[in-house]
Amino acid sequence: MTTLFTDVYMSPRLLAPGGTPADLTTHEQRYGPLGYGDPAALLRTLAESGLTGRGGAGFPAYRKFVAVTDSARRTERAPIVVANGAESEPASRKDRTLLRLSPHLVLDGLQLAAEAVGAAEAYLAVEEGASYLESALAQRRDPVRVQVVRLPARFLSGQASALVQYLSGGPARPAHPVPPVRERGVRRAPTLVQNVETLAHLALVARYGADWFRSAGTPGEPGSTLCTLHVPGREVRVVEAPFGMPVGRLLPLEGASAALVGGYHGTWIPAAEAAQVPLASSYLGAGVLAALPADRCGLTETARVLRYLALQSAGQCGPCLNGLPRMAAAFQTLAVPGPQGTARTDISRWAGLVEGRGACHHPDGTIRLVRSALTTFTTELDAHAHGHCTATDRTPVLPVPTEEI
Amino acid sequence: MDQHIDIDWTSCQGHGLCAELLPEHITLDEWGYPLVDGRPVPPRTRKRARRAAADCPVLALKLREG
Numbered sequence: 000m001t002t003l004f005t006d007v008y009m010s011p012r013l014l015a016p017g018g019t020p021a022d023l024t025t026h027e028q029r030y031g032p033l034g035y036g037d038p039a040a041l042l043r044t045l046a047e048s049g050l051t052g053r054g055g056a057g058f059p060a061y062r063k064f065v066a067v068t069d070s071a072r073r074t075e076r077a078p079i080v081v082a083n084g085a086e087s088e089p090a091s092r093k094d095r096t097l098l099r100l101s102p103h104l105v106l107d108g109l110q111l112a113a114e115a116v117g118a119a120e121a122y123l124a125v126e127e128g129a130s131y132l133e134s135a136l137a138q139r140r141d142p143v144r145v146q147v148v149r150l151p152a153r154f155l156s157g158q159a160s161a162l163v164q165y166l167s168g169g170p171a172r173p174a175h176p177v178p179p180v181r182e183r184g185v186r187r188a189p190t191l192v193q194n195v196e197t198l199a200h201l202a203l204v205a206r207y208g209a210d211w212f213r214s215a216g217t218p219g220e221p222g223s224t225l226c227t228l229h230v231p232g233r234e235v236r237v238v239e240a241p242f243g244m245p246v247g248r249l250l251p252l253e254g255a256s257a258a259l260v261g262g263y264h265g266t267w268i269p270a271a272e273a274a275q276v277p278l279a280s281s282y283l284g285a286g287v288l289a290a291l292p293a294d295r296c297g298l299t300e301t302a303r304v305l306r307y308l309a310l311q312s313a314g315q316c317g318p319c320l321n322g323l324p325r326m327a328a329a330f331q332t333l334a335v336p337g338p339q340g341t342a343r344t345d346i347s348r349w350a351g352l353v354e355g356r357g358a359c360h361h362p363d364g365t366i367r368l369v370r371s372a373l374t375t376f377t378t379e380l381d382a383h384a385h386g387h388c389t390a391t392d393r394t395p396v397l398p399v400p401t402e403e404i
Numbered sequence: 000m001d002q003h004i005d006i007d008w009t010s011c012q013g014h015g016l017c018a019e020l021l022p023e024h025i026t027l028d029e030w031g032y033p034l035v036d037g038r039p040v041p042p043r044t045r046k047r048a049r050r051a052a053a054d055c056p057v058l059a060l061k062l063r064e065g
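Protein sequences, first through last, are from chains A and B.
For the first sequence, position 307 matches number 306 in numbering that gives the first Met the number 0, and the numbering has no gaps at all.
For the second sequence, position 20 matches number 19 in numbering that gives the first Met the number 0, and the numbering has no gaps at all.
These aren't lab readings, by the way, just hints derived from the structure by calculation.
The beta-carbon is built from N, C-alpha and C at its ideal position, and this holds for glycine as well.
One thing to keep in mind: the hints can contain errors.
[Said to hold, decoys possible] In silico negatives: residues of chain A with every beta carbon more than 12 Å from chain B: (1) Pro59; (2) Gln315; (3) Gly357.
[Said to hold, decoys possible] Once the Cα atoms are required to be at most 25 Å apart in a straight line, the calculated SDA-like pairs of lysine to any residue come out as: (4) B:Lys61 with A:Phe242; (5) B:Lys46 with B:Leu34; (6) B:Lys61 with A:Pro179.
Let the sequences and hints guide you as you build the complete structure.
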């Protein structure tokens, strides 16, 4: 169960208040009607808003929209728009929470995106809740038809090129990024893939304008973002917070030794430092924040996540296929107190070998986690080398779907 | 315009012919997969680079402009 404390950090923009799903009537009462008919003005407003993708990469939405429109003009093919609600990251709950509470905000955004790029077809891709979303769709009278697609629950299913392959009738596996999906995506048409939260923000930008959007966040990174908070002993929470807010104001770090910022492709940061770090898309990923209590072992946590990440490799790219399982095995050696042999140097070398050598960012994200663990947990590494672990509680903190392993 | 070596990692199976044909740009890692130096291919090497692209058994190596 996920709880919501949406009003703690800012008045909520995206999530329906009270944790009650908003049907179409409630949605329209709350946000007002949506205007269509001027794609050029919508694109201008989107550019002024500075909205960036909320799926993890933080790429400016406007630039992606323009790239897709340009490709469509060049290839004379109508583009396709995909709302990405895959949320394959096991620790993230923000997209499914948004889709459950405010489905119509996402569907509004999807229609606007289709209008802005001139698409006649749209998809909403999710791992769960497809029938709920289909009934939400049935309440609406949208200009562009939307098809809800159920994705296989794999870590890489939500990767844009994997999504595009799947929607084209292939496997949900990442593809070589040349040409990019914005040029050749679903059934070779120029394709705009946007995270569902990005589309929900777009629905509000279209209604209230760029200045309103920029009234939260920082000038460099305007707006707010949904985060999933993991604090051991408490329920997992999804909150909306403005960019620039220190992580410590969102995530209680008393009694914590470190925080994982940005999920399983993210960064371990020592608690004292993490408390001061402002929310920024460069390392926030898809918004997962987790506190590691001082009585737990960060190496054990990392080893468990790494094993999962290695098994979730699509197994297509040699460096990832070879490097990730070896790193995971060596990290398991480090997680157990006792002789470490060459594990540390091996991991560093393999990290260098997988970096940038894959079709998707799975190897790069994985080594970000590995490297930050080796830096943040140095003291614990040395303790393990001397045969003891400082942790007293072995209960896992980070969720890993065991049935997949 | 400069030419760069581009590997389609989803296709590459580590046959290693590219490293034999273009040793000044490509070596093999400990698992047999190409490590590309990232430098542009100079005009005097382009013929061999084209051959490396054509001879790759799975056509995973491409020459990319820019």
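Violations among the numbered hints: 2, 3, 4
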